[in-house]
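Asks: Chains as they are written, first to last, in the working numbering: chain R, 26 to 273; chain H, 19 to 418; chain L, 44 to 416.
These aren't lab readings, by the way, just hints derived from the structure by calculation.
So the derived label-pair ranges between C-beta atoms look like this:
1. L:159 <-> H:338: 43 to 51 angstroms
2. H:50 <-> L:142: 49 to 57 angstroms
3. L:319 <-> H:86: 54 to 62 angstroms
4. L:306 <-> H:217: 54 to 62 angstroms
5. L:67 <-> H:152: 21 to 29 angstroms
6. H:46 <-> R:229: 45 to 53 angstroms
7. L:170 <-> R:45: 46 to 54 angstroms
8. H:407 <-> L:108: 52 to 60 angstroms
Nothing here was measured: the structure is a model prediction, and the numbers come from that model. All residues carry an ideal CB built from backbone N, CA and C; glycine is no exception.
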Amino acid sequence: MSATPTSAVMLKAVNKWYGQFHVLRDINLDVKKGERIVICGPSGSGKSTMIRCINRLEEHQQGDIVVDGIPLTNNLKNIDEVRREVGMVFQHFNLFPHLTVLENLTLAPIWVRKTPKAEAEASAMKYLTRVKIPEQANKYPGQLSGGQQQRVAIARALCMNPKIMLFDEPTSALDPEMIKEVLDVMVDLAQGGMTMLCVTHEMAFARQVANRVIFMDQGQIVEENEPNEFFSRPKSPRTKLFLEQILH
Amino acid sequence: MTNLDPRATSAPPQAGGSTSWLYDPKLRGIVSQIVVVVLLAWGLYEVIDNTQDNLKKLNQNFGFGFLTQAAGFDLSSSLVEYSSSSTYGRAIVAGLLNTILVATLGIFFATILGFVVGVMRLSKNKVVAGAATLYIELLRNVPLLLQIFMWYALVLKPLPGVKEAYSFFDSIFISKKGILMPHPNFGPGAWLALLALAAAFLGTWMFRKHARKRQEKTGQITPVWLISIPIILLSPFLGLALAGWPLTFDYPELKGFNFANGMTMVPEMVALLIALVFYSATFIAETVRGGIQAISHGQSEASSALGISRGYALRLVVIPQAMRVIIPPLASQYLNLTKNSSLAIAIGFPDLMYAGGTVNNQSGKAIEVVFILMVVYLSLSLLTAAFMNWFNSRMKLVER
Amino acid sequence: MTLAYVRTTEAPQLPAPASTAGLWARLRDRFAPTPLSGVAAAVIAIFLAWAVWTIFDWAVLRAVWSAPDREACNAVGAGACWPFVGSKWLQWIYGFYPIEQRWRPNIVFLLGALSLAGLLIPKIPYKGWNALFFFIAYPIFTYVLLLGGFFGLEQVDTEQWGGLLITLIASITGIVASVPLGILLALGRKSEMPVVRLLCTGFIEIVRGVPLVLVLFMAANMFPLFMPPGVNPGKLLLALIGIGLFSAAYMAEVIRGGLQAIPKGQYEASMAVGLSYWRMMLLVVMPQALKIVIPGIVNNFISLFKDTSLVSVIGIFDLFNIVQSGFNDATWASAQTGNTGYFALALIYWAFCFAMSRYSQYIERRLNTGHKR
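So here's chain R without its partners, still in its complex pose (with noise of 0.2 angstroms):
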């Protein structure tokens, strides 16, 4: 490996199809370290699907995805490497039910990482406790709140040190009541130094949070700005049009 790139995800030419149908066309994109990005666009556009080819949950078709120096290829070896760097926070949780919230989350730091059970659990209390729920450590998802079970997620990604945390639509599941608490802990998590990718529709946290904001629309990537530009001055229309609908 060369000497440490500053880029922690960079996309190049990436194009992706699901049979005929061009979802992800001629992507480039270069995420710095510590650089927090915020996606959105219609639904259909692309945008889960490209922060999915990030950590291979989708698979692209052409051009190159390299995550924190690692390429990503059909090589096992490097896409177990760049999962273990990488975190995700799904739109649905998908914590593991049948475990417990503690359970949940040392799970993969011992067996992946092969970390020592002590140590685990101590480091699981921590993440707990900062996203602010360690009295639930024994209980089970299925006897938490939605935002409460966001939280472990987020708190189950970061138990393994990533240092990119990808977020697809965070909150689109959750009661409005609860959306705040799952913000909070992703600002603070911002303000921490993270490196972030975000799919979302929460346009008051990507001013408050983001470095740039990227409209993706039918699977190319329309505009980029940052956050004040982008919101005041949009250049293109289809980010016009976009804007009138979702900020109404």
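Since the structure of chain R is already known, use the hints to place chains H and L on it.
Replies: Leaving out everything else, chains H and L in the frame of chain R:
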């Protein structure tokens, strides 16, 4: 507008170490599959080698020629001409026909009984629902083999000997040898009966189309089935009448110790059929009940709110949806019934399994017989499954 | 417009009034909501009363309760011949196992019952160890203990085992073999490697398309031809292999249903967190899938228990066959012996299967309330 950072144009660096096949999923897959195939081939080779040795020791060889040899055993019941001088092949065919007969009759009656009991289970009447539950819980938890023998004992024991057979209208005799009925002989022109039946079906189909069009135009509803069903049932008789009644019956006559002529339904078949029908009906009843209950209560409520009567609601809303849920498990119940008919071998009814078993006993050709039986049963299973799949796809809901 | 009335004090919670409908109305609702169903109910009630009376009369009132031989049972108007059961019931349990060695099957029964109780009763802990014991150590132990020939134990060939012993051995072997095999087949059926997928799917579809009788027939008549010279496993073992393979195919379908019920998100979360395929299956997917399919597994076991009666067709003396063979015993052969035997058999099988199906429903209810998302 894209944003390409000029720094990132160089080729990405190689990750450390060589890319061994262990980490390439495609290569790993191919190597694993090769290993599996090699192991399988070796296993098969060993088996074939052993088999050849063992066959040699028994003075046997592998081949299907034995099917043309004389069977040397009798079958108590057969739909085709058969005697002990018929070939092994013919014995198997006779067995197959018996299996199809039992399976078809079994499926027909079990479906009717199953639907009735299933609906009874949902009745508001506590006695009716309770009786259905009792029936299901009793018969579901006893092995089918035992039930067959119990019915056999129940059916056979009380029956009188041949000389004292119960008789109905001097033409139907019930005795230890079975149910004896007059054997119908179809003379020339009898095919008109089938033609009349076909014509009746065709006529009903056209009548239904016409009735639908009439309903679309004028809103009037014609009682299609009320008119069609009697016509369908009577049509074969009409056809026969047109041909001048070319139908004579061979009446069974008591000659010495046995009856001659006539058509027998042996007690083994009766016992097997009754047991199969009662046993399978329990599972069909549960399937039907589950299907109807799966249709959300909201459907019946919506129909009531629209003023649709309970009868029409059942016919137009609940049952079409319930059928979609019922048909796949129903298909597997039919398959089970067909396979369970092979228990005929236990009570000596000459179905396919019995025929195969006896052929093996006489000829020792175990592998060939097993092969034939497997192919036939698999074909029956595939046919039934294919038919149910076709029926199911006609009932599918169109979804986004 | 002004409001008509607003409460100023809290309305207390009152008990519900007694039913306003009379007794007659309530009876009518329960037993004859429509005239047709009322008639049907009456007919059914009469039939049931007749049936229960006939059975009670035969099995209790007219039954012969003690007799040295068939004389009393052969008398005209005699009912069930219970002495027949009394003299044979031990044979029904142990088969032809030598009487002085019967302590060995007894140990097997006791251990099995304890282990099973530990597995089935939810409150008892250490289920993992128990399962390992039950599925791996116990079968080996049973086989060694019953067969003998080692450790100074007298050898008792499998031909002498019989009755309930065989029925239980066959059923438990079926389940023990079919769960791990079924898991492998189910995973193989979903595999991305075409050869593996083809083999697994082919095996499952072929085995499910043929009757069990045919598989047993194959085991008894065809498998011996496949054996290398000198290897003669005996009919029971071959039948057990047949039952194991048969049951594995059905178990594979049950497990496949369970796997399909696991949402894709679980696979994705496991992959995102870096778990390998086998770790993901072992730690996340399988535990959830197996919990879902436990009712299916118990149902398979009930079917298997009933299906073991089929081994009588190839001449193995399971419970069914051994009872039947008792009908020919000269001491007891009578008009009512057969009926009594079948009746007793039906009671025994019914008791086992009904208990198991109740347990399956209990577990299903428990699982439905336990893991609400």
